[in-house]
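Asks: Based on the sequences and whatever the hints tell you, model everything.
In order, the protein sequences belong to chains A and B.
Just so we're aligned, residue 16 is where the first sequence starts under this note's numbering, counting upward by one.
Just so we're aligned, residue 100 is where the second sequence starts under this note's numbering, counting upward by one.
No wet-lab data here; the hints were simulated from the structure.
The structure presented is a predicted model; accordingly, all values stated were derived computationally and were not measured.
Be a bit skeptical, because a hint or two may be false.
What the hints assert, rightly or not - With a Cα cut of at most 30 Å, we get these calculated DSSO-like pairs of lysine-lysine:
id: 1; chain 1: A; residue 1: K65; chain 2: B; residue 2: K170
id: 2; chain 1: B; residue 1: K170; chain 2: A; residue 2: K82
id: 3; chain 1: B; residue 1: K216; chain 2: A; residue 2: K62
id: 4; chain 1: A; residue 1: K114; chain 2: B; residue 2: K170
id: 5; chain 1: B; residue 1: K216; chain 2: A; residue 2: K82
id: 6; chain 1: A; residue 1: K122; chain 2: B; residue 2: K203
id: 7; chain 1: B; residue 1: K203; chain 2: A; residue 2: K65
id: 8; chain 1: B; residue 1: K203; chain 2: A; residue 2: K21
id: 9; chain 1: A; residue 1: K21; chain 2: B; residue 2: K170
Stated by the list, open to error - Sample of chain A residues at the chain B side, in silico, Cβ under 10 Å:
id: 10; residue: R78
id: 11; residue: Y85
id: 12; residue: N87
Where is the CB? At the ideal position from N, CA and C, for every residue including glycine.
One letter stands for each residue in the lines below.
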Amino acid sequence: MDDLDKVFQALADPGRRMLLDRLHAQNGQTLGQLCERMGMTRQAVTKHLKILEEATLVVPIRRGREKLHYLNPVPIHEISDRWIGKFERGHLRALAELKQKLEEEGKSHA
Amino acid sequence: MPDSRFVYVTYIRTTPPRLWQALRDPEFTRQYWMDTRQESDWIPGASWTLLLADGRVADQGEVLEIEPERKLVLRWRNQFMPELHEEGDSRMTCTLEPQGELVKLTIIHEMDRPDSKYINAVSNGWPKILSSLKSLLETGEALEKSVFGAKSA
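Replies: Listed below in structure tokens is the structure:
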């Protein structure tokens with residue numbers, strides 16, 4: 016299995032994407048912090064983290080007695096670089112912002 | 100007090116001596132690291148400066164630890180944006196670990212303060228620099244040279 020397969024396989028699960036979202040919101044969390052409000056057992060979170068670590072999407076770093084988990088942005092950057100040209104990036108960001116703005120307006124009118 | 104820290108990891112098909120050279124040699128860095136070069140005597144306590152293509156100083160600091168082909172720890176402070184300069188020193192720890200035909204490169208960039216604007220600002224740049232470094236070592240070609248839009252005249 017090549018490295019990119021591992022990344023996509025790791026991203027294919029909503030629970031693992033939620034763990035990445037939580038690290039994106041607050042980088043460097045312990046296993047205990049990541050288990051809070053996840054709605055799954057500690058064993059399940061540990062298993063998901065192992066898959067994310069094997070895909071290098073998450074990197075554990077020891078700080079004193081604690082093991083902190085960090086989101087590694089490099090593989091996701093490589094995916095986006097592979098299929099998105101450097102000139103498209105600006106347009107896509109503008110589109111994403113437009114979509115977000117319109118959807119927020121939609122919500123406030125509802 | 101929580102500190103600000105980002106961790107970047109990439110696996111590169113190369114050898115530790117080659118990666119070690121690529122991390123410091125201007126002939127390499129100007130190709131993958133926004134057209135910059137570093138100046139240092141590369142011994143603990145030596146000053147360390149990152150220069151832009153036009154000669155301006157981007158960052159300035161000191162070599163804290165150096166173990167050839169294994170580990171480099173630098174302390175530096177941004178020099179060209181006042182709101183980033185005032186945050187003080189950041190610390191960068193770079194480790195190289197051979198794993199079969201690959202070398203695992205880990206960069207930890209941190210600052211002892213919560214919500215550092217500087218650590219956040221450079222978090223967009225590091226993945227580009229590392230992807231470009233990987234491409235340079237594996238294919239002989241870096242990716243976009245000027246990742247922060249700085250024109251190399």
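Asks: Does each hint hold? Answer for all of them.
Replies: Status of the hints after comparison with the structure:
no.: 1; hint: A:K65 with B:K170; in the structure: 26 Å, holds
no.: 2; hint: B:K170 with A:K82; in the structure: 21 Å, holds
no.: 3; hint: B:K216 with A:K62; in the structure: 33 Å, violated
no.: 4; hint: A:K114 with B:K170; in the structure: 44 Å, violated
no.: 5; hint: B:K216 with A:K82; in the structure: 25 Å, holds
no.: 6; hint: A:K122 with B:K203; in the structure: 46 Å, violated
no.: 7; hint: B:K203 with A:K65; in the structure: 18 Å, holds
no.: 8; hint: B:K203 with A:K21; in the structure: 16 Å, holds
no.: 9; hint: A:K21 with B:K170; in the structure: 28 Å, holds
no.: 10; hint: R78; in the structure: 9 Å, holds
no.: 11; hint: Y85; in the structure: 4 Å, holds
no.: 12; hint: N87; in the structure: 5 Å, holds
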